[in-house]
Amino acid sequence: MKVDELPVDERLKRVIKERGIEELYPPQAEALKSGVLEGRNLVLAIPTASGKTLVSEIVMVDKLLREGGKAVYLVPLKALAEEKYREFKEWESLGLRVAATTGDYDSTDDWLGKYDIIVATAEKFDSLLRHGARWIRDVKLVVADEVHLIGSYDRGATLEMILTHMLGRAQILALSATVGNAEELAEWLDAALVMSEWRPVQLRKGVFHTGTLIWEDGTVERYPENWYSLVTDAVKRGKGALVFVNTRRSAEKEALALSKLVSSHLTKPEKRALENLASQLEDNPTSEKLKKALVGGVAFHHAGLSRTERTLIEDAFREGLIKVITATPTLSAGVNLPSFRVVIRDTKRYAGFGWTDIPVLEIQQMMGRAGRPKYDKYGEAIIVARTDEPGKLMERYIRGKPEKLFSMLANEQAFRSQILALITNFGVKSFSELVHFLERTFYAHQRKDLSSLEYKAKDVVYFLVENEFIDLDLEGKFQALPFGKRTSQLYIDPLTAKKFKDAFPALEKNPNPFGIFQLIASTPDMATLTARRREMEDYLDLAYELEDKLYASIPYYEDSRFQGFLGQVKTAKVLLDWINEVPETRIYETYNIDPGDLYRLLELADWLMYSLIELYKLFDPKEDILQYLRDLHLRLRHGVREELLELVRLPNIGRKRARALYNAGFRSVEDIVRAKPAELLRVEGIGAKILDGIYRHLGIEKSVSVQERPKKRGTLEDFLK
DNA sequence: CTACGTTGTTTCTAGACAGCATGTC
DNA sequence: CTAGAAACAACGTAG
Numbered sequence: 024m025k026v027d028e029l030p031v032d033e034r035l036k037r038v039i040k041e042r043g044i045e046e047l048y049p050p051q052a053e054a055l056k057s058g059v060l061e062g063r064n065l066v067l068a069i070p071t072a073s074g075k076t077l078v079s080e081i082v083m084v085d086k087l088l089r090e091g092g093k094a095v096y097l098v099p100l101k102a103l104a105e106e107k108y109r110e111f112k113e114w115e116s117l118g119l120r121v122a123a124t125t126g127d128y129d130s131t132d133d134w135l136g137k138y139d140i141i142v143a144t145a146e147k148f149d150s151l152l153r154h155g156a157r158w159i160r161d162v163k164l165v166v167a168d169e170v171h172l173i174g175s176y177d178r179g180a181t182l183e184m185i186l187t188h189m190l191g192r193a194q195i196l197a198l199s200a201t202v203g204n205a206e207e208l209a210e211w212l213d214a215a216l217v218m219s220e221w222r223p224v225q226l227r228k229g230v231f232h233t234g235t236l237i238w239e240d241g242t243v244e245r246y247p248e249n250w251y252s253l254v255t256d257a258v259k260r261g262k263g264a265l266v267f268v269n270t271r272r273s274a275e276k277e278a279l280a281l282s283k284l285v286s287s288h289l290t291k292p293e294k295r296a297l298e299n300l301a302s303q304l305e306d307n308p309t310s311e312k313l314k315k316a317l318v319g320g321v322a323f324h325h326a327g328l329s330r331t332e333r334t335l336i337e338d339a340f341r342e343g344l345i346k347v348i349t350a351t352p353t354l355s356a357g358v359n360l361p362s363f364r365v366v367i368r369d370t371k372r373y374a375g376f377g378w379t380d381i382p383v384l385e386i387q388q389m390m391g392r393a394g395r396p397k398y399d400k401y402g403e404a405i406i407v408a409r410t411d412e413p414g415k416l417m418e419r420y421i422r423g424k425p426e427k428l429f430s431m432l433a434n435e436q437a438f439r440s441q442i443l444a445l446i447t448n449f450g451v452k453s454f455s456e457l458v459h460f461l462e463r464t465f466y467a468h469q470r471k472d473l474s475s476l477e478y479k480a481k482d483v484v485y486f487l488v489e490n491e492f493i494d495l496d497l498e499g500k501f502q503a504l505p506f507g508k509r510t511s512q513l514y515i516d517p518l519t520a521k522k523f524k525d526a527f528p529a530l531e532k533n534p535n536p537f538g539i540f541q542l543i544a545s546t547p548d549m550a551t552l553t554a555r556r557r558e559m560e561d562y563l564d565l566a567y568e569l570e571d572k573l574y575a576s577i578p579y580y581e582d583s584r585f586q587g588f589l590g591q592v593k594t595a596k597v598l599l600d601w602i603n604e605v606p607e608t609r610i611y612e613t614y615n616i617d618p619g620d621l622y623r624l625l626e627l628a629d630w631l632m633y634s635l636i637e638l639y640k641l642f643d644p645k646e647d648i649l650q651y652l653r654d655l656h657l658r659l660r661h662g663v664r665e666e667l668l669e670l671v672r673l674p675n676i677g678r679k680r681a682r683a684l685y686n687a688g689f690r691s692v693e694d695i696v697r698a699k700p701a702e703l704l705r706v707e708g709i710g711a712k713i714l715d716g717i718y719r720h721l722g723i724e725k726s727v728s729v730q731e732r733p734k735k736r737g738t739l740e741d742f743l744k
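In my numbering, the protein residues as written are 24 to 744.
Treat the hints with care, since some could be wrong.
[To be verified] List time: in silico DSS-like cross-link candidates among lysine-lysine, alpha-carbon distance up to 27 Å:
#1 Lys-481 <-> Lys-471
#2 Lys-397 <-> Lys-427
#3 Lys-40 <-> Lys-25
[Stated by the list, open to error] Pairwise CB distance ranges, derived in the manner of DEER restraints:
#4 Phe-376 <-> Leu-473: 25 to 31 Å
#5 Tyr-485 <-> Glu-637: 24 to 30 Å
#6 Tyr-485 <-> Arg-42: 33 to 39 Å
#7 His-288 <-> Gly-587: 45 to 51 Å
#8 Leu-641 <-> Gly-43: 53 to 59 Å
#9 Glu-115 <-> Glu-45: 20 to 26 Å
#10 Arg-422 <-> Leu-641: 53 to 59 Å
#11 Arg-556 <-> Gly-43: 55 to 61 Å
#12 Leu-625 <-> Asp-482: 31 to 37 Å
#13 Gly-118 <-> Arg-42: 17 to 23 Å
Source of the hints: derived by calculation from the structure; they are not laboratory data. Where a beta carbon is used, it is the ideal one built from N, C-alpha and C, also for glycine.
Generate coordinates for the entire structure from the input sequences, incorporating the hints supplied.
See the structure below:
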């Protein structure tokens, strides 16, 4: 089907043709003929990179141009929200306004009501729904990207609830990977279903076993015995490879090993560019390892890396500078990052209580990364058979069908939180109304029988009443209480809120960072570290040493909570180090964690600390305690001791610069106002730009003279000039 | 007795969403 | 129930 033949707005066609697209892919054409353009719901289950985004763009833009209103595009990752936002920006040429919003990123300061296309993570949209944003009623279309995540254990329920809320109120376009029961999903959404295996770039799949590469069509190729040869072969042919492994350690190890092999295939300019890239990285143990791999044209990629490092690697790989990435599943479903060859080293993964096979759906998503649309005629995805027999892998992952999706609404944590929201934010007034709502969920559609869910719902309601989130009046009607309403808006687990509430009396008596951090670490919303075997004694000792500061009692060794508790103590200790200005590198070394882990911990602690304060406000707060908590929150956010709190409020002054200023004798804003610019410029880390910003922030007219500060150690390039 | 090598034993393991109000090194 | 690498401990031997 030609773009010209589309029954859509002419302006829309023009923009698409300007992209150089004249002809639609068969599944795209089929999708657009399904009735979506007339407002029908659609489930589009096709492989990654086969043009789902274009379909959604056409549907969104046509609808908006024709009817006005808003379209919401839901994604599972913050990084994807940014990616889609950039892509959709193009439509501003037609007068449509595009915005993206996630927990830590808003593309705009203006309120979302002004925008036509809103990209958001599912959780963020759920939160917006709870806050009752007025513009929600203008939403005419919801596009749910990666809708198969409805089957994810911890995040599936959110998506399911959003769709249940919006079903009937807006058109729904659900984009899915190939799943075992797309029909069931389509039935639930009362949607047309378009399924296809078609890909614009052909995909060859095969299994590798000790030197033999068997393609799915039966052809066989011989390679050296070690699977590394699959990677070096791709590099020799001027292409790249993406290697998936199941642990961070493996990713790092294989990156280093492959780096040595790939290195010899690099050109001089490439080597120079790579060294330049490596020099941009920070100084910490993880980055050091990364640098070693990078100079050989290889990088590892996992959640321990900082965001900047991750994007740096992704961009360099896209440019072809980095030849090989070894990755944990971070890359299997993330931003768009195709590669000529994909090598899957592991098909098993450790999951809590043992080794499990990685789901077919996930392996297929990894394989789907093979083949770069603009550069390759085809892509190759190869599974390495190390333990399992090659035949078995071929059967399961290459010829096999992906798993069915199952509703995860009954997941206790998610369910608890969603029921609270229904009562406090969505006007559900009685148990029968609650059941009535649940009847419209995917769970109900799939299981037919609601009795066990109703039973769980009763337990949850009982828990919510018991802990004063909600009230029951004499006729059995629900009534939202402020505690419940705030909990729901803060988007925290009711159990977290309860833990906070229960701890308030003890906290008031003895406010201290260690107690508060352990409290935060003990909630289900916090990610905690695990105490390693040989650390356990240390953290137990620490807990006893600081026992009078804790708001919880130390569990006995036999207690099932013992292990978890030690992890909480460890986590609390990391946070404690952070606010005591222990350098990051030392934190990484002491606790054996990566930069990404620390970032994640701080991000979560920040959010929970805020929530703790907000909830405390509801319970007859004491002003001095409140102030104490606010200060601690600020210390946590900036990673500083109390004495730096004043300085750290200044723009671009974080823990390092604030400490430098303080140690140089500038201990307050007052000191800075009084000081001469030249004096301040002598402080390490304070340059003209920074100082200028500070003056502007303070509303001071002082010219930062252009005089250079003493030059730092020159680089080699300076020397050669 | 010490330094070092060998062998058996234990330990450890992926990822990442949410509030709010503005700006890290 | 299914792995595999690394850290660690125990043991053994040469000098």
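Each hint, compared with the structure:
1. Lys-481 <-> Lys-471: holds (18 Å)
2. Lys-397 <-> Lys-427: The given pair, whose Cα atoms are some 33 Å apart, is violated under the 27 Å limit.
3. Lys-40 <-> Lys-25: holds (10 Å)
4. Phe-376 <-> Leu-473: 25 to 31 Å: Given about 30 Å between the Cβ atoms, the range holds.
5. Tyr-485 <-> Glu-637: 24 to 30 Å: Once the Cβ atoms are compared, 25 Å apart, the range 24 to 30 Å for Glu-637 and Tyr-485 holds.
6. Tyr-485 <-> Arg-42: 33 to 39 Å: With a Cβ separation near 56 Å, Tyr-485 and Arg-42 fall outside 33 to 39 Å, so the hint is violated.
7. His-288 <-> Gly-587: 45 to 51 Å: holds (48 Å)
8. Leu-641 <-> Gly-43: 53 to 59 Å: holds (57 Å)
9. Glu-115 <-> Glu-45: 20 to 26 Å: For Glu-45 against Glu-115, whose Cβ atoms are near 23 Å apart, the range 20 to 26 Å holds.
10. Arg-422 <-> Leu-641: 53 to 59 Å: This hint holds: roughly 57 Å between Cβ atoms.
11. Arg-556 <-> Gly-43: 55 to 61 Å: holds (58 Å)
12. Leu-625 <-> Asp-482: 31 to 37 Å: Taking Cβ atoms as reference, Leu-625 and Asp-482 lie about 34 Å apart, which means the hint holds.
13. Gly-118 <-> Arg-42: 17 to 23 Å: Because 18 Å falls inside the window, the suggested range holds.
In the structure shown, a violation is registered for the earlier hints numbered 2, 6, in ascending order.
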